[in-house]
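J.: Residues per chain are reported as follows:
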Amino acid sequence: MKMTLCKCLLIMICPFLWSGCATAPHVVEGPGKLTTMEIDTQDFAAKADEMIQSMLDSPIFEKAAHKPAILVVGRIVNNTGRNFDMDLLIKKIRVALNKGGKAITDITGGALNNPDFTLSGKIIENRSREGNTHQSAYTFQLSLSNSQGLAVWEDEKEITKQGTRASVGF
Amino acid sequence: MKEYVMAVVAAVSLAQYGCSTVNTVEPSQQAAQRQILADKRITTDGRLYGRVRPIGVNTAVVPAGMLKIQIEVRNLTRSLQPFAYHIEWFDANGIIVNTPTSAWVDREIQGGETLSITGIAPTGDAKDFRIKFISR
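So the sequence lines, in the order shown, correspond to chains L and S.
Heads up: the first sequence begins at 1 in this note's numbering, then just goes up one per residue.
Heads up: the second sequence begins at 1 in this note's numbering, then just goes up one per residue.
Keep in mind that a hint or two might mislead.
[What the hints assert, rightly or not] Okay, the calculated bits of chain L under chain S, using three or more residues with CB under 8 Å as the criterion:
no.: 1; region: 45-55
no.: 2; region: 90-97
[Said to hold, decoys possible] To give an idea of the interface, some chain L residues facing chain S are shown, with a C-beta separation under 10 Å as derived from the structure:
no.: 3; residue: 101
no.: 4; residue: 105
no.: 5; residue: 109
Hints in this document: simulated from the structure, not taken from any laboratory.
Where a beta carbon is used, it is the ideal one built from N, C-alpha and C, also for glycine.
Using the sequences and the accompanying hints, generate a full structural model.
T.: Structure follows, in structure tokens:
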């Protein structure tokens, strides 16, 4: 009798335990996003923010002929082993500068307007390993050059990620 | 016995690795004059506050006319502490200013280290700010 009761209780508890282990799809906002060895969306946002801060901290937009300054996006090179859309970085910068009223982007590439600045850059990946620890360092390089081809603003930001063999999945 | 000794040696070396702290040198009479703001703190994670503590906030205005803030954070422990922070900006009416670059930023702070976190408002309309911290 006692054994049967135990079995019944176990059968009743099991589905709750199973459902407790599964995670239903849900929207993640804030600090709960996954961090991987690749460049994540939050990394793009953080680096774009640092780059914008660096631009705003310099007087380049105040010295531009147009107010707001006219910007064209030049060559942005992905020199990493990962394939991602550069707009994850560049669009964030464009939107932030546009909303801040400091620069607008000429989407014709400068064909219709005389742009003040051309934005160009590169993302570089450097992988290394020591024992079971893997490291991926991503370097974000951006430049703003004027109509004479002079780099009037440049900056470089880095993000380094480390994980052990088990956690990075290779 | 041999295994016990090896375990103790391993534990001691791990403890030493985890407890490297930062020594700091700076001028006793600082040339920079900082305007430290009076701040209001709401602490819900006492464990984090006991480890990584904001010690001061000062502000400036950048050439583009935006508000710039700097928060000094100190690690009160002797070990590396990971944490994340997020800066929110508000306009003159107290309405939040949303930007596509708004994100939680992961940082690490060494034992005993003081680090500075800076942020520049995304627009000239942003007049106020709030900084959130969470442990990692």
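J.: Next step is simple, just say for each hint if it's right about the structure.
T.: Going through the hints against the structure:
no.	hint	result
1	45-55	holds (count 6)
2	90-97	holds (count 5)
3	101	holds, 7 Å
4	105	violated, 14 Å
5	109	violated, 22 Å
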